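S.K.: Sequence:
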Amino acid sequence: GELGLLGMTVPEELGGSALDTLSVACVVEEIARWDGSLALTVASHNGLGTSHLLRFGSDELRRRYIPEIAAGRKLAAWALTEPGSGSDAAGMRSTAVRKEKGWVLNGAKMFITQGTVGDVFVVLTLTDPGKRQKGVTAFLLEKGMKGFSQRALHGKLGMRSSDTAELVMEDVFVEDWRRIGEVGGGFVDTLKILDKGRITIGALAVGLGRGALEESVAYATDRKAFGKPIADFQALRWMMADMATELDAARLLVWRAAFLCDEGKPYTREAAVAKLFASEAACRAAAQGVQIHGGYGFTKEFLVERIYRDVKLCTIGEGTSEIQRLVIARELLKA
Numbered sequence: 022g023e024l025g026l027l028g029m030t031v032p033e034e035l036g037g038s039a040l041d042t043l044s045v046a047c048v049v050e051e052i053a054r055w056d057g058s059l060a061l062t063v064a065s066h067n068g069l070g071t072s073h074l075l076r077f078g079s080d081e082l083r084r085r086y087i088p089e090i091a092a093g094r095k096l097a098a099w100a101l102t103e104p105g106s107g108s109d110a111a112g113m114r115s116t117a118v119r120k121e122k123g124w125v126l127n128g129a130k131m132f133i134t135q136g137t138v139g140d141v142f143v144v145l146t147l148t149d150p151g152k153r154q155k156g157v158t159a160f161l162l163e164k165g166m167k168g169f170s171q172r173a174l175h176g177k178l179g180m181r182s183s184d185t186a187e188l189v190m191e192d193v194f195v196e197d198w199r200r201i202g203e204v205g206g207g208f209v210d211t212l213k214i215l216d217k218g219r220i221t222i223g224a225l226a227v228g229l230g231r232g233a234l235e236e237s238v239a240y241a242t243d244r245k246a247f248g249k250p251i252a253d254f255q256a257l258r259w260m261m262a263d264m265a266t267e268l269d270a271a272r273l274l275v276w277r278a279a280f281l282c283d284e285g286k287p288y289t290r291e292a293a294v295a296k297l298f299a300s301e302a303a304c305r306a307a308a309q310g311v312q313i314h315g316g317y318g319f320t321k322e323f324l325v326e327r328i329y330r331d332v333k334l335c336t337i338g339e340g341t342s343e344i345q346r347l348v349i350a351r352e353l354l355k356a
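Just so you know, we're using the numbering used here here: the sequence shown kicks off at 22 and counts up by one.
Misleading hints may appear alongside valid ones.
Unchecked claim - Derived CB-CB ranges, DEER-like:
| hint | residue 1 | residue 2 | range |
| --- | --- | --- | --- |
| 1 | Leu354 | Asp197 | 18 to 28 Å |
| 2 | Asn127 | Tyr317 | 43 to 53 Å |
| 3 | Glu284 | Asp253 | 16 to 26 Å |
| 4 | Val118 | Leu174 | 42 to 52 Å |
| 5 | Leu174 | Thr341 | 34 to 44 Å |
| 6 | Glu34 | Ala246 | 58 to 68 Å |
| 7 | Arg346 | Ala256 | 28 to 38 Å |
| 8 | Glu284 | Arg114 | 31 to 41 Å |
| 9 | Lys213 | Val118 | 46 to 56 Å |
| 10 | Lys245 | Lys355 | 48 to 58 Å |
| 11 | Glu343 | Leu273 | 15 to 25 Å |
Claimed, not checked - Calculated pairs, DSSO-like style, for lysine-lysine (alpha carbon to alpha carbon, straight line, at most 30 Å):
| hint | residue 1 | residue 2 |
| --- | --- | --- |
| 12 | Lys333 | Lys152 |
| 13 | Lys213 | Lys177 |
| 14 | Lys155 | Lys213 |
| 15 | Lys177 | Lys333 |
| 16 | Lys249 | Lys152 |
| 17 | Lys122 | Lys245 |
| 18 | Lys213 | Lys164 |
| 19 | Lys120 | Lys177 |
| 20 | Lys333 | Lys321 |
| 21 | Lys249 | Lys213 |
| 22 | Lys167 | Lys177 |
| 23 | Lys177 | Lys152 |
| 24 | Lys155 | Lys355 |
| 25 | Lys164 | Lys245 |
| 26 | Lys249 | Lys164 |
| 27 | Lys164 | Lys177 |
| 28 | Lys355 | Lys177 |
| 29 | Lys152 | Lys120 |
| 30 | Lys167 | Lys155 |
| 31 | Lys167 | Lys245 |
| 32 | Lys120 | Lys155 |
| 33 | Lys249 | Lys355 |
| 34 | Lys321 | Lys213 |
| 35 | Lys355 | Lys321 |
| 36 | Lys286 | Lys177 |
| 37 | Lys122 | Lys177 |
| 38 | Lys286 | Lys155 |
| 39 | Lys120 | Lys213 |
| 40 | Lys167 | Lys122 |
In short, the hints are calculated from the structure, not lab data.
Every value quoted in this text rests on a predicted model; they were computed, and no experiment measured them.
A virtual CB, placed ideally from N, CA and C, is assigned to each residue, including glycine.
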């Protein structure tokens, strides 16, 4: 909060840094180079919860919550995924039923980043289940609301210091002023949030992949076998060259999508391309990094072990690689 990392996308008049998308991508990459979990916290806080509230919330909601969020006094979370629906976001079962002066929410959300440590939650629900996508509406909930509980999820493969939780809503009453956007407009808003979020996940993946590469170069230079540094062996040199080539390409794809976003041009396809390529390139880099480290890469003594576990999330979160391919193909066929 003191460094301004939790208000990067917030306008200056609301206490933020007003950074553009390209700058945010660079920040996320740099953090991810050293700590994927911290980068995920920063990326999701800025790119999901805060972004949704900032872009689609009322003036009252923005004035009341954004300054606290930008200062880091409140951590934002975003709740879309459910126990029975992930990629099929329109298949959610959480509901919001209109009551006098507000709504009553019921249902559960799963795999929510900042789920137990978050203070404010942008929650997507069905206000008209019969309309599926056209019946989705977003609301702002706060920790401590009656009937709103959080349960931490443990035993994850990676990103272990990033908080992940299940959220449960049992007859949670929410005043209408906490509604974000139009009734039934939540799904369209969500797609816009995911487009931009894929850029930061791509940047996060590049940072993790870069970590694997830089750690491997340092290790290969220091480690000796057969009387010389293993970096002298052509097989390892080619592995590191491939890692560097793919990661450079991934970074440029992320930057292209960020540039288009900042210029106000369509970038749905470019964001999906960046997220797909960067996440899979980073996974390959992490695997090669472990291989270069040999037996030591299989231990917690070296950073590549953690990178190997952390980076897998990038092919799953904010749309799996398969979903990215569907988005890319859809955009191509639309054109």
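S.K.: All hints, please: hold or fail.
M.R.: Structure-based check of all given hints:
no.	hint	verdict
1	Leu354 <-> Asp197: 18 to 28 Å	violated (40 Å)
2	Asn127 <-> Tyr317: 43 to 53 Å	holds (50 Å)
3	Glu284 <-> Asp253: 16 to 26 Å	violated (46 Å)
4	Val118 <-> Leu174: 42 to 52 Å	violated (28 Å)
5	Leu174 <-> Thr341: 34 to 44 Å	violated (18 Å)
6	Glu34 <-> Ala246: 58 to 68 Å	holds (59 Å)
7	Arg346 <-> Ala256: 28 to 38 Å	holds (31 Å)
8	Glu284 <-> Arg114: 31 to 41 Å	holds (38 Å)
9	Lys213 <-> Val118: 46 to 56 Å	violated (26 Å)
10	Lys245 <-> Lys355: 48 to 58 Å	holds (55 Å)
11	Glu343 <-> Leu273: 15 to 25 Å	holds (24 Å)
12	Lys333 <-> Lys152	violated (34 Å)
13	Lys213 <-> Lys177	holds (28 Å)
14	Lys155 <-> Lys213	holds (15 Å)
15	Lys177 <-> Lys333	holds (11 Å)
16	Lys249 <-> Lys152	violated (67 Å)
17	Lys122 <-> Lys245	violated (71 Å)
18	Lys213 <-> Lys164	holds (26 Å)
19	Lys120 <-> Lys177	violated (39 Å)
20	Lys333 <-> Lys321	holds (17 Å)
21	Lys249 <-> Lys213	violated (53 Å)
22	Lys167 <-> Lys177	holds (29 Å)
23	Lys177 <-> Lys152	violated (35 Å)
24	Lys155 <-> Lys355	holds (21 Å)
25	Lys164 <-> Lys245	violated (54 Å)
26	Lys249 <-> Lys164	violated (58 Å)
27	Lys164 <-> Lys177	holds (24 Å)
28	Lys355 <-> Lys177	violated (38 Å)
29	Lys152 <-> Lys120	holds (19 Å)
30	Lys167 <-> Lys155	holds (28 Å)
31	Lys167 <-> Lys245	violated (61 Å)
32	Lys120 <-> Lys155	holds (20 Å)
33	Lys249 <-> Lys355	violated (56 Å)
34	Lys321 <-> Lys213	violated (38 Å)
35	Lys355 <-> Lys321	violated (47 Å)
36	Lys286 <-> Lys177	violated (37 Å)
37	Lys122 <-> Lys177	violated (40 Å)
38	Lys286 <-> Lys155	holds (25 Å)
39	Lys120 <-> Lys213	holds (29 Å)
40	Lys167 <-> Lys122	holds (17 Å)
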